[in-house]
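These are the residues of each chain, in order.
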Amino acid sequence: MSLLQREREIITQNEYVDHFDFEEIEAFVKSASKELFISHRFKTSDAMQVQPRGGFPTYEKVFRLYEEFKEAGVDVLPLTIDSNTRLNDYATAKKMLALSEENDVDMLNGYPLINHGYRTTRKMITHFDTPVSLRHGTPDARLLVEMALASGIFEIEGGPITYLLPYSKNFPLDKAFLYWKYVEKVCALYSTFNEPINRESFGPLSATLQPPAIVIVIQLVEMLLSLEEGVKSFSVSFSQTGSMIQDVVTANVIKKLARHYADMFGHHDADIHLVYHQWMGAFPYNKEYSDALITASTVIAAMVGADKIITKTRNEAFGIPTKEANARAVASVKYTLGMLKGLPAVSDEEEEENLTSMVNEIMEAVLNDGADTLWRKVFNAIKKGHIDIPFSPHVINANEVITIRDPQENIRILERGKLPISDRSFAFERSKIRLNEGERVVDKIIKDIGIMQ
Amino acid sequence: MSAPNRKLLFDIGSTYFKMAENGTIRHYFRDFNRPIFDDLMEKCGDTIAKYRPEEIQICSSANGGLSTLIIGLSNSFSLKYAINIAFNSGINIIDTVLYHDIDTAKPPVEMIDVVIVVGGIDGVGRIFDDRLFDFLQDCAYQNIVYVGSADERGYLSEKLEKLVVLDNIITDKLKINEGALKTYLTDLYQADIMGKEDIKHLYEITANQIYSTPYIVNRALSHISDRLDVADPFIVIDIGGATTDIHYSSDLVNDNIVGEGGYDRLVFKKLGVYKSRESLIHTARQNEFVYELLNYLNVTENILEEESEAATKVLMQLAIFLVLYKVSRHHSDYVELKLENLNSIVLTGGITKVLNQEESETIIRFFYKKLLHFHQIPGIVLDKNYEIWTYGMQEFTNEEATKELS
Amino acid sequence: MKVVTGVVGNDIHVVANRLIEISLKERGFTVFNLGVNTYLEEFLDAIVETDADVLLISSLNGEAEGWCRDLQILKKQYTFRKDVVFMIGGNLGVGEMDPDALVPKFKNYGFDLVFHQVDLNVGLDTLENYLKAHA
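Residue numbers (this note's numbering), protein chains in the order written: chain A, 1 to 453; chain B, 454 to 859; chain C, 860 to 994.
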């Protein structure tokens with residue numbers, strides 16, 4: 001038995017797992033409908049795929065949510081996992097699921113997939129015969145991903161950095177790398193059974209003034225770590241920055257460099273896609289403004305040529321949206337996209353050049369680290385502050401980089417901390433910044449975080 | 454690989470010698486009437502003669518391990534970081550004194566191998582005063598090392614003879630800096646061996662540094678799943694005659710320490726089955742679950758007084774239970790492990806010669822059922838051949854080779 | 860002047876925490892940021908290790924009371940070499956709680972400066988004035 005299979009046997013023998021039948025699951029994946037694979041959809045359709053967010057504790061409620069989404073013309077269904085499961089606390093998830101089922105009140109902020117199990121969940125997934133994307137935020141997602149794949153969920157979001165540094169204070173990063181390595185290996189293995197499993201990184205990070213250079217570097221390294229294990233279909237992503245031109249520039253650079261680095265490492269056969277997240281920061285309380293924001297970001301998604309867009313709703317400022325509001329947002333985004341065909345390509349060469357330089361400078365420092373594996377190079381880079389995510393709660397994050405917006409609302413690096421960007425690139429960033437006389441940086445940051453409110 | 458990877462590995466324990474040659478491990482029971490070195494040469498001399506000193510690697514726990522007394526300024530930083538580094542460097546016995554309470558602290562009775570004094574980030578002064586020197590006057594120690602604020606170095610060096618000064622283990626951002634102290638403590642282990650009459654001769658057969666066995670075991674853990682059916686997160690329990698060692702995956706604790714190795718270690722000094730038998734029984738009797746446990750094992754309390762094979766088995770099972778209990782959330786001490794997330798438990802050391810798979814599972818099942826209300830337990834692996842330490846030695850050899858290349 | 864800061868208890872409001880750090884630094888303080896999810900003992904231990912002048916605890920999720928109730932008792936277990944200023948700010952109560960009662964309550968727990976739903980700049984201006992007055 002292979003090392004991986006031995007580990008899988010141990011992982012799936014869990015208090016909360018009802019006998020995990022590898023042979024049956026393999027047979028299921030081999031004969032699964034192509035419609036369940038987003039990688040297949042990407043190959044066969046040019047249309048931007050529309051995917052909302054959402055998940056409820058009970059099977060019933062998710063089922064009804066999916067019905068609502070399908071009626072609105074959804075392309076990809078989401079399955080958002082509850083926060084207890086994300087922390088591997090299946091005992092609490094089980095208790096809260098039981099309470100939710102008994103009382104018809106949602107005691108969890110998502111679907112506890114481990115407790116539901118793959119046999120049940122698969123019924124729902126195959127019923128809708130539509131690609132489902134797993135949204136979670138789990139540093140140790142080994143069991144969760146096994147369960148998702150066995151259920152027919154063939155897109156897995158996340159990664160060792162993007163699902164750890166924005167969420168956790170002290171889960172050890174080195175362990176997260178190793179646990180995600182397992183996820184990549186299992187996804188690679190399943191990719192040989194039928195159409196490829198798509199892996200997607202989570203570019204929004206802490207969703208607060210994230211500089212595109214850092215976002216792109218993290219997308220690239222998570223992509224490389226995934227392809228290295230044999231994954232053949234990967235989506236890089238980022239979220240709306242607040243500046244249309246910065247979104248366009250970011251998209252152009254990330255598309256170009258993702259292909260470049262994938263090829264550089266010999267992964268010529270890997271398909272790479274771009275996912276665009278509608279505004280991930282604080283939303284306005286005014287629902288009409290929210291509608292405007294969502295429409296504007298749909299236009300930008302079309303301009304940047306995203307392969308998939310992940311939508312928000314007009315209820316964003318008020319908590320978890322109802323299934324009706326969520327479905328209405330999907331319908332409205334689809335409607336907007338209908339008007340946005342054949343857009344001309346736009347760009348800003350100077351900005352693209354500077355962003356490309358910054359990304360390459362950081363990537364060079366990461367790859368030049370003396371460690372013998374890619375994951376440890378990246379681990380060391382984070383430890384040294386060569387990769388530094390603004391507003392990460394994690395103890396390993398350097399927290400030295402400070403970003404603010406320029407007059408065009410582009411996010412700029414004001415303090416570079418230990419980012420290994422050249423003086424030239426940094427000078428370019430700084431040259432765009434305008435602070436009013438006597439204006440405190442902290443006040444500017446507060447204003448810049450809340451631009452959409 | 455064509456590289457001449459000829460290696461002869463030894464683990465010199467207090468009750469056994471283990472010799473690993475080409476993946477085969479042989480165990481030799483110690484003859485306590487003879488000096489260690491003579492005993493070793495008698496038993497393994499012929500094999501040793503076939504290897505050059507550069508090809509022989511030794512780890513040892515025969516000197517009983519080092520003891521330390523840590524005097525630190527706070528629980529969350531000074532003491533916590535120093536304890537973490539000391540355990541991971543293979544130190545066995547740790548006593549701590551919070552500087553605030555030094556007036557009322559009792560100096561240890563036994564001779565301490567090394568006193569570690571720590572406190573403050575660089576730039577902070579006037580931390581220590583006469584209370585420290587008064588306390589140290591009543592302590593018997595071999596070595597003393599200072600790893601606190603740079604501003605106190607001059608003052609302390611003046612007052613304390615033999616004081617070794619190293620980098621502050623607390624950074625300006627209040628993070629841990631383990632390098633210098635870790636090296637110092639592992640080197641101290643070597644010096645200790647060289648200073649001990651009965652084992653210093655080990656250096657006649659090896660040209661390599663002798664490390665403490667727990668330090669080597671800790672380094673082995675990232676390779677353990679290559680050989681044994683073990684998945685992270687896991688713990689390794691090594692119940693010995695005097696102490697019990699636990700190595701654990703770092704994601705089992707909710708700790709702000711950003712370490713390097715992925716595994717940390719801790720030792721329970723009074724939970725052994727031979728030398729610490731009395732204190733083990735005492736601890737067991739104090740435990741609220743012990744009578745249910747004995748009942749579950751179908752034995753009476755009297756067995757604790759017996760000297761029999763059956764009694765040893767029960768004691769071993771008790772030791773496993775108490776170790777799990779002491780690291781669980783029911784008894785949070787230095788660390789609290791998330792045992793509900795465990796995938797594997799590895800049992801190693803003398804215990805694997807006494808308990809079989811079923812007996813080990815029985816006791817662990819009781820623990821999981823009783824304290825965590827679980828029906829299923831983590832995978833239990835008995836390191837019967839006692840081979841984990843050899844992975845740590847190999848890792849070392851590989852690393853040395855890499856260093857030479859670069 | 861040295862300040863130890865962080866968010867107390869099971870509170871993950873990282874943005875507020877980082878803004879406080881940036882703002883303090885901008886005002887010339889040396890800052891030791893313990894981040895989110897910090898426990899009271901860690902705050903006091905950090906004061907001891909850094910010889911800080913000010914402790915600034917923030918709490919956004921309304922759980923501050925539960926975490927800070929025992930500050931007086933805990934303080935007795937420490938000797939600080941300075942007269943440390945204890946400050947707390949953020950969203951100190953939840954729901955229908957009377958905001959006017961909150962300030963005296965937290966002062967009673969051992970805080971010198973208490974800010975409930977007060978603008979960050981106002982809070983830090985007050986701190987600076989307080990430090991000047993007590994210099």
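It should be emphasised that the hints constitute simulated quantities derived from the structure, not laboratory data.
Take these hints with a grain of salt, some might be off.
[Said to hold, decoys possible] With a straight-line Cα cutoff of 27 Å, these simulated BS3-like cross-link-like pairs (lysine-lysine) come out:
| hint | chain 1 | residue 1 | chain 2 | residue 2 |
| --- | --- | --- | --- | --- |
| 1 | A | Lys384 | B | Lys626 |
| 2 | B | Lys649 | B | Lys766 |
| 3 | A | Lys334 | A | Lys34 |
| 4 | C | Lys941 | A | Lys169 |
| 5 | A | Lys377 | B | Lys626 |
| 6 | B | Lys728 | B | Lys653 |
| 7 | B | Lys471 | B | Lys460 |
| 8 | C | Lys935 | B | Lys626 |
These are the hints, each one checked on the structure:
no., hint, in the structure
1, Lys384(A) - Lys626(B), "holds, 13 Å"
2, Lys649(B) - Lys766(B), "violated, 34 Å"
3, Lys334(A) - Lys34(A), "holds, 23 Å"
4, Lys941(C) - Lys169(A), "violated, 30 Å"
5, Lys377(A) - Lys626(B), "holds, 23 Å"
6, Lys728(B) - Lys653(B), "holds, 24 Å"
7, Lys471(B) - Lys460(B), "holds, 14 Å"
8, Lys935(C) - Lys626(B), "holds, 26 Å"
The earlier numbered hints that this structure contradicts are 2 and 4.
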